[in-house]
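Position one of the sequence shown corresponds to residue 1 (our numbering), numbered consecutively onward.
Quick caveat, the hints were computed from the structure, so don't treat them as lab data.
Don't take every hint at face value.
Stated by the list, open to error - Computed beta-carbon distance windows for the label pairs: (1) S193 / E39: 40 to 48 Å; (2) A112 / A132: 28 to 36 Å; (3) N97 / R27: 17 to 25 Å.
Bear in mind that the values here come from a model prediction, so they are computed numbers and not experimental data.
The C-beta atom is built at its ideal place from N, Cα and C for all residues, glycine as well.
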Amino acid sequence: MKFFASVFGKYRKFSSERGYSCDCCGREIFSYPSPRLCEECSSALERNFRTCDKCGRKTVSEGLCLDCKRKTPEFSRGFSPFCYRGEAAGLINRMKNGERWLADYFGEQMSAFWKRSGLCADIVVFVPMTEAGELKRGYNQAKDLAEKISEQTGIPVKGGLVKIRENLPQKRLTKTERIKNVSGAYRAEGEFSGRKVLLVDDVMTTGATGSECAKVLKRAGAVEVFFLTAASLPERA
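Assemble the whole structure, with the sequences as input and the hints as a guide.
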């Protein structure tokens, strides 16, 4: 898969206008956009099956993961169709670094995963970036995912969160450091009284960002917050 991704990466930008090619490697798919990935690329992505009852990450045993046992997240339930490692992690990183069309694939997979939960939400809210951060990247991949999920589920998108300060990259921090790093970084705009919120982001690692955003939304009146991401970091054995 990596070979095809490197060969067809630039080609995919142009072929996306015509369709009929894998969003990942560029191979022809004559039934595109269903599926959006060829069989080889799709099978290379590790999917979540046995997951934590609270945060939704892949676990080593049934029930709650160790992180949720130590500190319960503020969101009601977490969900993610993919495990954040290997090819899935690589594909999400590509989505974050210019290949925006991949949000269509992940958004559709997230929507299907959410529908299978049997739960309901009134609005979709995405995890925001700072204005400077979004300007630098050119887009917010969480917003792209939220818009695709809204299209697939019929749940309206509401831009109800604002990131008020930049924080350090979460990936190099411990769980405790991550919690402190995002504390106070978000503000709710508008009323959420009585609303059930589907909060969307690309990746859940420790759940600190989702938990902080959920706390802010609940303070603004949300009765429940569900956290849906494309992938989540698995529990360590």
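Results of checking the hints against the structure:
The hint said 40 to 48 Å for the Cβ distance between S193 and E39, and at roughly 47 Å that hint holds. Here the CB-CB span from A112 to A132 is close to 34 Å, well matched to the stated 28 to 36 Å. Checked against the given bound of 17 to 25 Å, the beta carbons of N97 and R27, roughly 21 Å apart, stay inside it.
Checked against the numbered hints given earlier, the structure satisfies every one of them.
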